[in-house]
Every structure is written in structure tokens, then in C-alpha cells.
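Protein chains in written order, with my numbering: chain H, 2 to 563; chain A, 305 to 413; chain R, 825 to 988.
Each hint should be verified, as a subset may be incorrect.
Computed cross-link-like contacts, DSSO-like style, restricted to lysine-lysine with a CA-CA straight-line distance of at most 30 Å [unchecked claim]:
no., chain 1, residue 1, chain 2, residue 2
1, R, Lys-901, A, Lys-393
2, A, Lys-381, H, Lys-556
3, A, Lys-393, H, Lys-489
4, A, Lys-381, H, Lys-50
5, R, Lys-901, H, Lys-180
6, R, Lys-901, H, Lys-178
7, R, Lys-901, H, Lys-50
8, H, Lys-261, A, Lys-381
9, A, Lys-312, H, Lys-50
10, H, Lys-229, H, Lys-180
11, H, Lys-110, A, Lys-393
12, H, Lys-110, H, Lys-203
The set of hints was computed from the structure by calculation and includes no laboratory data. Note that the coordinates shown come from a computational prediction; the quantities given were computed from them, not determined experimentally.
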Amino acid sequence: MDSLPAIPPHARTYRYDAVDKAFLQARIAEFRDQVQRRLDGTLTEDEFKPLRLMNGLYLQLHAYMLRVAIPYGVLNTRQLRQLAYIARRWDRGFGHFTTRQNIQFNWTKLADAPDMLAALAEVDMHAIQTSGNCVRNVTTDEFAGAAADEVVDPRPYAEILRQWSTLHPEFTYLPRKFKIAITGAPHDRVAAKLHDIGVIAKRNTEGEVGFEVWVGGGLGRTPIVGTKLFDFVPEADFLATMEATLRVYNALGQRENIYKARIKILVRDLGDEFRRLVERELAEMPEGRYRLPSEVVQAIAAHFAPPPFARLTDNPPALRQALEANRAFATWVKNCTHPHRAPGYVSVVISLKPIGGIPGDASADQMEAVADLADRFSFGEIRVSHVQNLVLPHVRQEDLPALFAALKPHGLATPNIGLVSDIISCPGMDYCALATARSIPVAQRISERFADLDAQLDIGTLHVNISGCINACGHHHVGHIGILGVDKRGEEVYQITLGGSATNDAAIGELIGPAFSYDGVVDAVETIIRTYVAHRAPGETFKDAYRRLGPAPFKEALYAAA
Amino acid sequence: MSAPAKVKPVTAPVLLTANDLRDGRVVWLTSDGSWTLNVTEARLFAPDEAAQALALGQAAERLRQVVGAYLTEAELKNGVPMPRRFREKLRAVGPSVDAEPKPSLSLAS
Amino acid sequence: MPLLEDGRLRPDPFVTVTDEEPLPEGTPAIISLARLLRDAPAGRNAPLGVALAPEEDPRALVPFLGRLSLVAVRLPKHRDGRAFTQARALREALGFRGEVRATGHVLPDQYAFLLRCGVTVVELPEGADPAIWNAARQAHPVAYQAAVAGDAEPLGFLRRHVTA
């Protein structure tokens, strides 16, 4: 690239210094050498595979796929523009945002991968530990540093976790991959109870920061809601607690059976003994070595200081007038914004779920459009949500009409956040080598079935999650309606679960009955939704109605006729 | 990505497929020993040629042409070979969804 | 098999003794944890070492630490990283100061991590080129976290130069 745009001055992203940049350059040089040795035959595929995976390069169904870490889902506009550049130069002009706040490029060539990593390094990004049995990209609340209900800004701690886990000498050959999520808000927007470790940052009565630590949650073949390990870990002991937990897992986690190797199985099998072992590790640690000094927290937190918010008031006249004048705008504001801590500001969710589109896909043109709008309206900052949408975290309420008008021409103003067409979907068998069935076309057909916005609004909050295999990248277990595609004697069939939840009331959905065909699954979803509409109490959401009614009326509607 | 290594007796005609080492694209072995992106140009091996086909795949791996070569059952449809398994059909014809950004997404919604 | 220590190959003075063989007098010997617990060999003049299996807890060695010159930890496959935690526990929780030796299927890419976890000696396959191991060891002069060995001057935040 000839010249990179400047980092927007007010974007609060962690900025690499000379030490970080040198580290990343060394890593790229190492990988460039490894690719060369693969191409010249010095390395066999068996030897090369773990090396490429450690740099995020998978071999998928149709091509190599590069998975790029978006650390805790936070991007500045320079970084997003670079992702657009990479998409256009080395891929087919688009990228796919994932449920782990990463982006995937689906059409990568092996020899291009080192150049793609070099382009990422120019904007302080990498693909390290986006695969392999190590600590993966740490995820957090897409409204971090902005949400009105936030108690502790999780971003400094997420960055500390990112650095601490990078090429960790002890935890790079774990029994299985390891996913950590952290939030600092009482409303859980990170699925904390469904991660290997979920952290909820909070404050005690003295105002000191501490961490509620959940362990052993997860989806996949054995979905389990996590267990609370500690209620309040003091900030100084944060990393020591992570170390101790991972040591117990590394020593005792199962390694023979890949389906029993996640920490959730160990925690389930050990019960209270797991906590005792973690406490023993903590007690044996030398004083000081793993302490997290408050000076380090403060120095990293300085990267995430609030941008220079103007002194504004909520509900400015310009917004009120536009809301009254334009129903489409009012609907978008109602569905696609989230309350902000600063008066007169709001966070805006940009839907990557147009009717009939591929959930989470964005073209290079769209990425650049979002970057332009983030520079104009959001201090040059963007977030990626685990629901596969983008977020402008800090938008003036008075700017909402202009932002709405500017998003529309790019197909980015779909007002469906939290509605039936805001579907989480993994890539499924259209791209993924592990998949047993397609996911994307099912999502497309469901959103087309419910294309009518008024119908979606009437149905209300409803999360439909679709996975194309038991690994559950589409989080189907925790969808209000979850869909799992499996292979049955060469045919794609789809199992449906109901009543899942990924938030504070985390729950694993219940299998409703026999699977549906590829053609029949959309009808089944419609039947479920019609049943809900027929049975709901006034104002009752799908999830609440299901919890009150249980599966009986849904089973009846789906299977009685057969 | 290689398919699960199941050692089953081959009873149907098969194609030899793999991913190209350099770009990862799905490729099929042709009659002249080259690899093609176009499944209709692929060589259909009789069941008793399966071992020979697999050996050709392993040789191509050693020559660093392809990665993860394996056999997949196929049949002739309208005179050209087409794999039987759904997954392999998807590999042969590409994603069933748009693999390019939709022009409509960058135009007025 | 050759041993790699401080970047150089050196011979192995130890012999590995099965649980049934008698302990050779005057020769450094490595025995299993089971045998150590069973026989608790004492009064030997020659150095004694123990080979831990990946599933064995180094804390079982606590009563014997003063008599041990060497503890070997093993990677049955390079992906099986239990040895890293065993080595770290030996150094940190147990304060063991003798040789910690890594055996089994170890890759050059793992050398620096093993050193950081407290391993001092790696058993290499016959004919291995130490230059490859030393190059891999020096690939990353910076680390982002504390470890039990190799920490040099701090670089801000949790970062530090690595000397291991």
C-alpha cells in the first residue's frame, strides 16, 4: 500500500509501540520463512499445518481461509480501511465477521498470506492464535466504554489478557482451544457463562475493581452453562487467577478424546475439587511474579481514555423532529441504537443482515463506507459484535438522521437488530471444511420469509442462531430458536432447539423433536413463530413465552399433523 | 483438508480430488495426469483402479502440487463425472451462495 | 540420544533403568516415579534422576527433592503440553534446582517455551542440528508475560526481554 491513512486521533484502540511492532515483524518474518520452506519442500504438510494454523491460516473447503483477530472487537477506521484493502487486493472484495469478533478472508492464496499479515501489521493487527489449542482472541462487550449500564470498562483488561496470552510459554499446547470473554456491565452481552472462562468485571462497595470469574461453560457437542469459580478476584490477582486456572486445565484436561478435551468437561467431572486445585496453585505461586500492578492497568487504560465528548443533552430537538417526521427512521433508531453513558450520545448498531444477505459479510466498499461514517460520526472507532454486526460506539443523537441517510445507500440501514432476521450463522458447508450441512442459505431463506418489517416488529425480540455442525460456531444452543444442520445419510437435515439464551439467564435450548429437511426447516421456523404469536401474553417475548408454555404447543404445531 | 481416512473397499467409480497447494482451490485429476478445477474434465476411475488413483494422489502431494488427496465416489451424469456426496458436489461447483459481494448491497437499498 | 544444553550438544551421563533392573552402582541413573516411591533409594553415591510420566504430579517428588539431580518430563506428542506445566511446577512450587530435562517428541519451535518454563536440557533425536534449535530459540527476543526463567530487563507493561 502506498500510504496509509493516519490513525484517527480520538479512536481509542491500543496503539503499538516499537516493542510491539518489532515483535510482530519477527513473527511475520518467521512465517514468511515457513511458507517458503513449505513451497520449496523443506516442510511437509504435516509439519507445516500447525505452523500455518498458529498464524490463522486454515485450508477450508474451496481455498485457504485467513482468520484475522480483531482484538476484543475494537477497530479504528485506519484498521477497517486496511481490512477493506486486504479484501480487495487478496480476496474477492469482501470479508466475513464471525461470532468471535474476528474477520475471515475466504479466498486466500498460500503465497499471499505473509503479505496479508504484513499489511495487517502496518495497522497493528495480526492473526496470531486465531487457531490452535491456545488462548484465542479475547472477546468483550461491543458497547464497552460506551454503554450506559457499564460499571467497569473491560477493554484495558481485555488488552492485558491479549498481551499476557500472546505466545504464552506454558499455554500454547493446551488440551484444546481456550476462549475467554470479559464484560464490565451487569447485562451480559458477551455470553460470559458460555466460555471456557467468562469474566464479569465489577466494583465492591469501596469502588475497587474486581472480577467475577466463571469457568467451564461452552457449546459444541456438550453444551454446558459455566460454574462460578470466584465472586470477586481483586485486580492485582487477575492474571494469577488466569494462570492458576489454566495450569490445572493443562495438567488435568483430557487429551485422548477431542470431544472431551475442553475445560468444561474437566470442571464438570471435578466439581468443587476444581476450585480447590486452582486455589492450591494460587497458594503456591511466588509472591509478586504474577501480580498485576495497578500502574500497568493505568498505563494500558490510558489507551482507552474517553474521547473528547461534547457537553450535550439527551433527546435534542433535531432528533425529536426527525423521529416524528420519518417512521422508517424512528424504527431504525428504536432497533439499532443502544444507550450511551455520555448525555446526548448513543451507540449505533450497523446491521450486516440485509434481507437475503449472508450474515456477517461486508464488502470492501461497505467497510470503507463504515470507516468514513465512523470518522464523521464516531471518533474514528468501530466495534464488531459477536452477533456479527458492526457498531459505531459514540454517535451524537443529533447526528442520527444524517447517519441513517448515509448508511442507506450502502445497504447498511436494515433496521432489524434483535429481530428474527438478525440471524447468527456460521459459514456452514458453503465454506467450512468441518461443516455437515449448509447454514447461510437457511439464514437467507428465513430472513426472506420474514422480509416484511412490520411482521418482524410484531414478532419482536427473537434470536435465531444457525450452526452447520456440532461445533456450534453459530451458537445454536443459545438461540431462542436454534438450528443445527447435520448430515443424515448424505442429506442435510436440521434439528431445532427452543428456549436457549446467551445472556444473564443463560440456558441451553431444548431439542423440540425430529429434524427437518433443508426444504422444510423454514416452514418449521414459521410454524414455531406462529405458535408463539398465537399463545403469547401481551408484551411477552418469544423467550419468555417459551419458558411459560414449555415445548408442548410447539411440538403439537410441528408434529401433530404428521 | 483431507477427508476422514476411512479404509473402505471401493465399490463404485471414484474421482481423485485434493486442494491445490498454492491457492487451496479444489482440484480433480484428469486423464493426462494434470489437475483441473473443472470436475467435468476429471478422470473417472473404475473401482479396481482405486489403489492406483490414490498412489497418483500421494505422488502429487510429494511433488507439492496438491494437499490432502483422496477418492470420492462419483457417477456419470449426462456423460460427465459428478461426485455423489453432497459435500463433494459443493466442492465441485463452489458455494451455493454468492461468493462475490452482491452489487445490490452496494447500491440503493 | 544427544542432549542440548545452553545451545550446545553434550553427552548423557545418565542411564535409564527399568523398574525391574537393579540400580547400577556408581553410575547416574534415571528411574520411574513408581520405583522412587517404592524403593526410595538412599545412600547412593551416584546421581539419581526421575522420569515423570505426563500424567504424574511433580508434587509427589517433594519428599525426595534433596536426593534428586534430575527430573525428566516427556512430550509423548509435540501437541501434548503437560510437560510445560510440570516443569514450571518443579521450579516454582517445588523450588527444584537440578536438571529439568525434556524428552519425547519436542519441536525446535517449542525450545524457547520449554526454557521459559524451567527446562534446562532437551533430548534431541539422533542427528539433529543444534543450529536449527538455537535459531528457533532466538526467534522472539520479547515476551509478554512472566515466566520462571529467562526474564531479562522489563520493556513496559508486562513485557520483558528474554535471555533464555
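message = So if I understand the rule, the pair passes when the alpha-carbon distance is 30 Å or less; does A/Lys-312 with H/Lys-50 pass?
response = Holds - the C-alpha atoms of H/Lys-50 and A/Lys-312 are around 26 Å apart, at most 30 Å.
Pair hint outcome, H/Lys-261 versus A/Lys-381 [Cα-Cα no greater than 30 Å]: 43 Å, violated
Hinted pair, alpha-carbon criterion (30 Å max): H/Lys-110, H/Lys-203. Please report holds or violated. 45 Å, violated
Satisfaction of hint between H/Lys-556 and A/Lys-381, Cα-Cα up to 30 Å
Cα-Cα ~41 Å, so violated.
Exercise for the section: Would you mind confirming whether the straight-line C-alpha gap from H/Lys-110 to A/Lys-393 stays at or under 30 Å? Expected result: Holds: H/Lys-110 and A/Lys-393 sit about 22 Å apart, inside 30 Å.
Measure nothing beyond the straight line between the CA atoms of R/Lys-901 and A/Lys-393; if it is 30 Å or shorter, mark the hint as holding. Status violated; Cα separation ~36 Å.
| Is R/Lys-901 close enough to H/Lys-180, meaning Cα to Cα at most 30 Å? | With a Cα-Cα distance of about 23 Å, the restraint between R/Lys-901 and H/Lys-180 holds, given a limit of 30 Å.
* To do: With a cut-off of 30 Å on the C-alpha distance, tell me whether R/Lys-901 and H/Lys-50 pass.
  => 15 Å, holds
Next pair to validate is R/Lys-901 with H/Lys-178; report whether the Cα-Cα distance is within 30 Å. Status holds; Cα separation ~17 Å.
Q. Holds or violated: are the alpha carbons of A/Lys-393 and H/Lys-489 at most 30 Å from each other?
A. 16 Å, holds
Original post:
Would the pair A/Lys-381 and H/Lys-50 pass a check requiring their Cα atoms to be no farther apart than 30 Å?
Top reply: Measuring from Cα to Cα gives roughly 36 Å; hence the hint is violated.
- Task: Decide if the proposed pair is consistent with the structure: H/Lys-229 and H/Lys-180, CA atoms, cutoff 30 Å inclusive.
- Result: Given that 30 Å is the threshold and the Cα spacing comes to 16 Å, the pair holds.
Checked against the numbered hints given earlier, this structure breaks hints 1, 2, 4, 8, 12; the rest are met.
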